[in-house]
Every structure is written in C-alpha cells, then in structure tokens.
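Keeping the supplied structure of chain A fixed, place chains B and C upon it in accordance with the hints.
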Amino acid sequence: MKLEIEKYFDRLWPINRSLTGNGNRETLSILSELVDLNVMEIPSGTQCFDWTVPPEWNVKEAWVKDSSGKKIIDFKENNLHLIGYSQGFEGRLSLDELKQHLHSSPEQPDVIPYRTSYYESRWGFCLSHTQLKSLKEDNYEVKIDAEHNPKGSMTIGEAVIQGETEREILISTYICHPSMANNELSGPLVSSFLYSKLKSGIPAYHTLRFIFVPETIGAIWYLSENGNRLKEKLAAGFVLTCIGDDGAFTYKRSRRGNSVADRCAEYVLTNSNSKFTVEDFFPTGSDERQFCSPGFNLPVGSLMRTRYGKFDEYHTSADDKSFISFRAIEDSVNLCAAVIDAVDKNAVYKNLMPYCEPQLGKRGLYPTLGSKTDTSQYVNAMMWVLNQSDGMKDLLEISNRSGIRFSEIIDAAESLKKSGLSERIS
Amino acid sequence: MKLEIEKYFDRLWPINRSLTGNGNRETLSILSELVDLNVMEIPSGTQCFDWTVPPEWNVKEAWVKDSSGKKIIDFKENNLHLIGYSQGFEGRLSLDELKQHLHSSPEQPDVIPYRTSYYESRWGFCLSHTQLKSLKEDNYEVKIDAEHNPKGSMTIGEAVIQGETEREILISTYICHPSMANNELSGPLVSSFLYSKLKSGIPAYHTLRFIFVPETIGAIWYLSENGNRLKEKLAAGFVLTCIGDDGAFTYKRSRRGNSVADRCAEYVLTNSNSKFTVEDFFPTGSDERQFCSPGFNLPVGSLMRTRYGKFDEYHTSADDKSFISFRAIEDSVNLCAAVIDAVDKNAVYKNLMPYCEPQLGKRGLYPTLGSKTDTSQYVNAMMWVLNQSDGMKDLLEISNRSGIRFSEIIDAAESLKKSGLSERIS
Amino acid sequence: MKLEIEKYFDRLWPINRSLTGNGNRETLSILSELVDLNVMEIPSGTQCFDWTVPPEWNVKEAWVKDSSGKKIIDFKENNLHLIGYSQGFEGRLSLDELKQHLHSSPEQPDVIPYRTSYYESRWGFCLSHTQLKSLKEDNYEVKIDAEHNPKGSMTIGEAVIQGETEREILISTYICHPSMANNELSGPLVSSFLYSKLKSGIPAYHTLRFIFVPETIGAIWYLSENGNRLKEKLAAGFVLTCIGDDGAFTYKRSRRGNSVADRCAEYVLTNSNSKFTVEDFFPTGSDERQFCSPGFNLPVGSLMRTRYGKFDEYHTSADDKSFISFRAIEDSVNLCAAVIDAVDKNAVYKNLMPYCEPQLGKRGLYPTLGSKTDTSQYVNAMMWVLNQSDGMKDLLEISNRSGIRFSEIIDAAESLKKSGLSERIS
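Chains as they are written, first to last, in our numbering: chain A, 2 to 427; chain B, 2 to 427; chain C, 2 to 427.
It should be emphasised that the hints constitute simulated quantities derived from the structure, not laboratory data.
It is possible that some hints are incorrect.
Identical chains blur together in the list; that is why a pair holds if it fits in one copy or across any two.
[To be verified] Below are the DSBU-like pairs computed for lysine-lysine, each with C-alpha atoms no more than 35 Å apart in a straight line:
| id | residue 1 | residue 2 |
| --- | --- | --- |
| 1 | LYS198 | LYS311 |
| 2 | LYS373 | LYS198 |
| 3 | LYS144 | LYS61 |
| 4 | LYS346 | LYS394 |
| 5 | LYS322 | LYS311 |
| 6 | LYS72 | LYS373 |
| 7 | LYS3 | LYS373 |
This is chain A alone, in the form it adopts within the complex (with noise of 0.2 Å):
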C-alpha cells in the first residue's frame, strides 16, 4: 500500500489548493481512482449559518521580478509564495512598497510561511526570510492574475459505504491546503485509502461516511446541510489531520469526553502497541470545532499523529514529503480502521429475557454435564452480557466492567443474539 500511497502524494503535492477553485476540483478528481465520490459543487454566496461560501479564487500566474526580469519570487515554484485567496495586482514598486506586502517568519529564516486571507482584501507573497533581507533596493515588477468569481463555487466530495443500518460512522478530511504534507495531504490520503480499504468487506452495522470538506467554511456548510441527520443518526465521527508523520499518535477527545468515538479510539489506542497521547478537547484545531460547537456537540474526536502547532514544520514549506513517511500513513489507515471497526462492534443489546437467567443449556451454550468449573471464560463473557444488556450499556463497558476482553464479549453477544436471547438495540 505504501507505494501507491506516494504514487498518490506525488501527483497531488503540487496542486494549488483552497477554499474554492480548479486545485480542489483536481484533488477530489485524482482521489475519485480510489473513493466513489460525489461531488457537488456549491456556489459562492450560499449562506450557511453565520457564513458566506466565497468567490471562487483561481490563480493562473503570480511572480515578482527584479529590474533585470528575473523571477525572485514565482508562484509556480511554490504555491506558499502567494497568500492564499490573494487579490489580483500588476504594477512596479520599489523595494519598500514591495515590502508592504511581503510576509516571513524570522524566527524561520529559511522557510517559506503559509498565508492567507480569506475574508479580506490583500495582495501579498510569503518568502523565507533569508530571502527577504537579501532583496535590494530596486523597481520591482509584479504580477499576480488572480480570479475571485462570485459565480463560481465551493467544490466538495462525499463518499458513503453503505451498512446495515441508517447509523453512521463519519470520517472528516480537509482539502483547502496548497503543496503541505502532513497538514494537509495526510489526512485525504489516509481517508481515502481507508475507505479503499473498507467498500469491499462485509457490510457493518453503521454506514460509514466520508467527506472532503474546505476546512471551516466547508465544515460549516455540511453541517448546515446535514447537522439534523447527524444529530439524529452519528454514533461517531473522526476528523484526519496531520496524521502522515512518524510521531506518536494524538487523540483529542470530543466535546463530550466521554462518547462512543472517544471510548473507543482510546480503547484501540491502549490496545495497539502504538505510542499515543490523549488530549482534552479544546476549541479551537480544525472542523471538530464546528462538529462540536455547543448546538450540536456531536460526539467527533480528531485523530493525529503530532498534532498542529507541535511540530516546527507546521504551516510553512518545510512541512513537505521528507517531514511525512509513507510506512507511517500506512499504519495511521489501519489503526483508523480498527478504531471504526470498535466503533461498529460496540453495540448495545437488550437482554429480551431480562427477568432470571435464560436456560442456556437447552440452547447448546451451556456444559450439561455440571461440574466444579462449569463457566468458561465463554460462558462467563455470556453471562456478562446477559446481566449488563439492560439497554444502556455498550459492550466496551461490560468489557470495562467484566475484565473480560472486549473481542470476547463481542463473540459472546454474537452468540446470545443468534440464539434469539438478545437484540441489538444501537
């Protein structure tokens, strides 16, 4: 898998991807070799909650050049050059009008920052600093040809696996970062080959949905579309982000600190021999902030390796293919699809003879023969799962409670619900 994962990172790395524009509508055409997307394309203007979805921005060209026509700085060198959503600009300047609209990190001499301005209007490039204190006094020249198009629209992609049931297991990923590798090719790379991974097997019990989403804005709008279904119908959801590095794996919790999604990542977590950290939520990182803002408080987590703002690399050029390791990527889709697949198992039953024991004898799941040491660990975790299901409590808590294997109370509630003694109520 982890040659194709790159295959898949080199065609995409040097896209210029936004909040709208021809990168994203690339990027979701490139990923649909490997998700069945639907993309819908929603245009500018559309209100959603306090948000407008904006002008489509497009850039064809942007560059500086010095009075001998030499290109210092050029957009197709590096789509981190141009602040992102940057107004169109043509004109001469001198080295301090230029330097108005010049931006760096001297604290990063050596790398390019990424910018940007949505909701403003701004022109400017971003250069490493080193460069910046290299320029000489001079007529600049600079062009940018840039297009914010009210007509255009907002490009978005969808991707559902269906289960046996209208509960759903929802995988969050944002598309709106130009060339970065960990924040933010990581994240659809891993939904998508994660998803690759899933269609093909055995229905689960939930339907799994996936969405590549412009960060914020695009949250915003699925949720002003969506927010009712999945207030009614998530039992989980999981925002990927910065999760292609080799560092150890990061899960904040949702705003509830206590859901499904949260057990459970942590359940699979503690049980994987993976290193990993477990953060509180907080409100400000990525989409969880909209999924688990206080109207909807959905129970989403967000799953990572070093998380956003931990790592030097963070937002500047340097977060590029030598920061991310394809084994890494590799390992982050599968632990993802362990988290979902605790997630699908966690049912809750109701023990539909609640009142004494049922005979498990006459039903094949009980020694006749009565002994010393009758209860097995079988019928141990069965009688577990009998006592617990009063149709409250999911199965990783009679895990929790019974000491007994999570796997094997699974296989012991399979059993009860086969032999009509149970039903799977969520």
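Leaving out everything else, chains B and C in the frame of chain A:
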C-alpha cells in the same frame, strides 16, 4: 449454640438432597424444628420464565459390583458417588464400557468430585481418581434404581417474621446439595439459627423473609411468583452460602453496587473485628444471579466466608465436617443478625419542620443555658439528622457525612421522631 | 479605613446587645451612619415557623453588693456579668444561695464567661473563677432591674444596593452579642464598611442585600418573611462572623457544597495571597443553620477568620479589642468585596449562534491574516466561552476547564456579549 448446630449438622449430613426429592422434604422437616416453615410443593412441569420444574428424582439404591459380587462403589456410602439426577440403569459392563460412565478428578486424585446432570439424560458414578486407576479388567454389575417422576414436585420452604411494615429483608439459601458441608449445609444452618435468634425479638420495622430453595430453579420459581412483590417491597436481601468455614468473611455486592444491602453489610463488616473481603458483583455464582438479573436488579448481595471456587474442597467429598467449624457458623449467625439490624435501623426520615430549625429547647432536647459548648455530641447528632433528613438520605449516609457513629445517629433520629419532629419514610 | 473602623468599634463596644432591646436599636442607629438601613421592629409574640419573638429585654442596673455595701459584681462595668435575658431580682442571700446563680469557667479562671438563657426564666451573674473562689461567707445584696416586655419588639436592619437585576447576593451578620469583639462586632463592622465601599460603585448585575439581625430568631423571622423570595432569587449568600482577628480566613461551605457561593469564595481565597481553610458544611454554627435548613437549602456559606469555637477567647470577656485587629477587619472587607465581585461576574451566558462558530473575523474579533499562531490567548478565551456557553456552565467552570484565568474569561465573555453573540442568562 455451637453444640446445637452440630447436632443438626449431623442429622442433615447424610441426606441426599437435589433439585427435588424426598431428601429435600426430610431436610426441611428437620429444619422445621427451628423455623416456622411454610413448606410448598411445586409440581414437576411447572413453567417459570424460561425454565420448567424437572421431574422429581428419588434414588433407592445405586452401586457397582465387581465379578466377585463386592460393591466397589456404593451410593449408600457417599451420595456424591452418583451423578445428581442420574438415570436408572441395570446391566453388566466391561471396564471400558463402565469407564464411559465414571467421573473423577485427576488433579485431586483422592476425593470424589460432585457432578450433576439435571437437564440431560445420563447415568454415571463419581469416584476418586486413585480408585478409578486401580480398577481392573472385569465384568462389572451396575444397578441404579432411580426414579424421575413427572408427576412429582419440587419442595421449598419459606418463613416470615412479621415486622411493623411490609418492607422486606430477604434471606435466601439453598437446599439442593447432597453431603457437602460448607457448600451447602452451612447456608441452611446459618439461616435457620438466624431465624431462631430473631423470631422472639422486638418486631423489626422490616418484615424478615427466609427462603430455602433448590439453587437456580428454586430461586427462579420463587421470583416468578414473588418477583413483583420484591421489586416493590424489598429493602435488602442476602444469599447465604459457603458461610461455615474458618476463613475471613466475603461480601459480594449486589449488581447495583451501592444498594442498602451493600452499604449496610460493608458497614457492619468494617466495624466488626473480623477480617473480610468485598467483591464487586459478577454474574456467575449462586442465586444472586437470578435476584440481580437485569429485569429484577434487586438489592441482593451475598454473604460468605471463603467463596465458592476459592477453596480446593469445593464441590468434592473433602468439603466435609472437618472443613467447617461450628464456632464459625455461630459467628456467621451473629454477623448476619448484625447486618439485618443495620438494614432495619438504617431509616430514611423526613424532617417535618424543614424550614429553619425547630426549637429544640422547648422540647427538652437542647440546653436552656447557652454557653461556649452548648452542642454536645448528642445535640450535634440531632442537628445533623434534622439538617439532612430531606427524605432522600438514610442514616448511614448521615453518619458518613457527619463522622458521627451510626449508633449515635440512630439514637438521635429516634429522639426526634418521638418528639414529632420527623417521620420515618422507609 | 482602619482608623474609622476603630472609631466605630469604640462607640459600639460598650453597648449591651441581645436578641432585643434598646442596645440593638442604638447599635443600628450608629451603623446607619454607614449604611442606608431600613430598621424594622418585629413585635414580641410574633410567630415565625416553630419560634416566637421573645419579650423585649432591657436592663437598668444589675449588681451584687457585699455586706459592706461594696459592689463586687456590676453590669455597668462589663455587660457579660449578667446572664443574657436574666430575670429581674432583688434580695439578700448567703454565699451558698448566691452561688446557685453564679457562673464561671474553672478551665479559664481569669475571664468572665458569656452565658444566655433566652427561653428559660433564670437570673444569674457571670464572673471569673478567680473572683468566685475569693468570695467569702457574707450577706449579699442582689439587685437586677430588668424588664421583659411582652409588648416590646425585636429590632432588625436591612439595606439594599439595587443591581441591574433582581437576582440577589445576601450578606448576613448578627447584632445580638454584647461586649465581645471578634464575636461579634467584627461581623457588623465588616458588613457595614463593605456596604459603604460598594454602594457608590457601578451597579452590579446582582442586587446586594445586607441584613443585621439577632442570631437564630432574627434569621428565622427574616426567612419566614423572605424565604420564598430568596429561594427564587438568591444567587449566593454569606454569613459574616468572627472575621476580625489576625488568623487565616476560614470558609465554611453551604450545605450544597458546590454552590456558586462556595465556588466563588474558594476561587477568590485560592487566588488571594491569604492563608485560608475550607470546611465542609456542618449544621451547628451561626445563621447558615437556618439558611441551609433542608426546606430552604440556600447557597449560603460562611466567611470567617478563626472560626467560633476554635479560639480560647470565644464567648468570654477575653474576646476584646486586644484580640482583634483593625487592619484584619479592613482586609476582611476587601476580601468580601472580591468574593461578591466574583459572584457578580460569574455569569452564565447563552451562545446565540450555537450552530458552528460565528464568523469572528467580520466582527473584528479575529485576525484577518491567517497564520501559524492566529489564536492569541484572547481569541482562545473567546473560543472557549462560545463553545461552552450552552446556558449551563458559568464562567468559573469555563475558566477551570480551559485553564484560562477567570478575569480573561470574563473579558472575552463581555466582548462576545457586546457583539451580540451571546446573552447573559444568570
């Protein structure tokens, strides 16, 4: 009391008890000398929840003879030799054929194991592994003269000590084990002597109910008839089992984990001079499995000394008179009486003057000369009870919150009730 | 402020205060110079819950003379010499007869103890044990010219600083103690100077109510008239007592244990530079006994320095000016003001745009140029307040959960309110 207990033990020991049969009738008849038992016969074939009362089982004789005519296994010598509920059989068998029907414990080669086959037709004998290995090739004669009478019945006993109210405390023990001492002559003996100790005392607030039933099917039948009353009226219940050896006490909590039964038993044990262990509920064990099934979820715990499954003699012929102690049984009776007393006195009161303090002085409950130290411990206890008696908290909770001994809190509460300042509401 | 406090102390000190009487009127009249008191007279005989307002007690003179005519005990010298509410008496007694009516503290031989007999007819004097032992056989003359007027009244004072809403913060202190300093001129002094400090400030969200009542009967009468309003409107209340010595602060929690009063007082103490102790509620003490009786269960705690019963001088003539410190009283005023301010600002807000985030950028609350570190502490605080303002959590809880200082959370919340993004709901 010790000597009297031993006399009853000796009379009860040889009787062959099982789910049904004359042995159970004889057992209850002997215990009737101590307990005002209402003995009931439940017809074989009676449905109760998922179960059916089995045919009545009685054994006339059961033995194996070698070809010399010598009885090498004889039910008359030890009723563990015959599998519980064994089918009848008569015939001659080679050693190999016989061995299909012989059960031993290789890991405990010198004891006869206890085996039952209540709900599957089978015949067989149990013997020590040492004896099994010593059997030679021979032509064996087998005779099991056993009846499974579908027109018989299951025998159970019930006794009530009427209290001031219909709120109940339940003591449950089981009478279906043949000649084993701790498991389970100790339970019926402790229960009977406890009844005897309590019946002539001051009527308690609670009605005390004692049941003597075969394990599982007896408790299930009892719940099928009385479960709704227990859901409404039961304050606390205790299953007594394995309560005659010299080991430390064990209290196994009810499924609720913090029921009145649990809190009172743990309070009494903590304040006794005895060593003890507390175990959380688990759904295997004895009749608490039924009382604590999710449909009933009754406040029933289990009082034991060394718990079933935790002593090597468990379910073997080594669980005999030498394994138990009549001094221990007497101590168990006293401990059970203390636990019942704690439940009985652990009232919930409702302060009838909940707005500000009532004027204790004019009722003679408060010193009339105000001074630096006008709140004696007794006044202090009354103040706590008045302040906390909002109809929710019981006296044990008030004792815990105030740090004042339970007995002092009880005294204060009773003074306040006498003065008309509060009423007992449970 | 210290000097002014001392001037008031010196004027109040010699006055004979009790449940009723002219001393209480005089005390409130002096405090009226600081507080806009509404003074009320509650007729003797008024019923309130289980209690009756007692006859009004006034003393003209009270002394014991020896046979030489020398006054050996004189109420004019120290009003603790006379038992509170002592009956009148005139007569000649032998030493033995007199001793029936003398009270001393053998364990503190040099102080006059404080004794009362409010609800039982008694006459008597208090004196040091040293003096008691020095009394010789003699013919003593006793005169107590005291009136118990059933047509009199009980005097109480109330003052209100109107806030923006009818939600209330209550400050309660008591005026029934004769010449003792910490217990209890400190409470009325702190309360009065606190009123004085707060009355000319910006109107608070809460209405502040100050009551000056005799202990127990005064609080009970107040609750009989105002209890229903307090149940509906009271946000937090504090009984001020023993708050003038140099010891560390003591906060005694309300019966609820985690009320707004409790959390705010503990927050302020924790963040002050003062040493302090927190005690759980107990139902003896001062007027929190009435406020926290189970029928009211109001969020009222008690602010003290060295708690009643914890200093040797308590309820003796040694609790005098030398035991307290005017610097400590001033600090107490400031601490109480800080606690009231914390309660007042500890709002619950309701996010009016709870579905996804509101767009802070267009309101000037978020930087328009996206970068690596676009969430300053200020933005971070706003995000927390928005996310948690579901109408349930107050700002102190949000401060605790986020780890952001309470003052920064308050600032953020006020910005959001100004922007119309939230409303204060309590």
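Here is how each hint holds up against the structure:
1. LYS198 - LYS311: The answer is within: 30 Å in one copy meets 35 Å, while 48 Å across copies does not.
2. LYS373 - LYS198: between (46 Å within a copy, 34 Å between copies)
3. LYS144 - LYS61: within (10 Å within a copy, 101 Å between copies)
4. LYS346 - LYS394: Cα proximity of LYS346 and LYS394: in one copy and across copies (13 Å, 34 Å).
5. LYS322 - LYS311: within (18 Å within a copy, 60 Å between copies)
6. LYS72 - LYS373: For LYS72 and LYS373, the Cα distance is within 35 Å only across copies (27 Å; inside one copy 86 Å).
7. LYS3 - LYS373: Classified as between; 30 Å across copies, 53 Å inside a copy.
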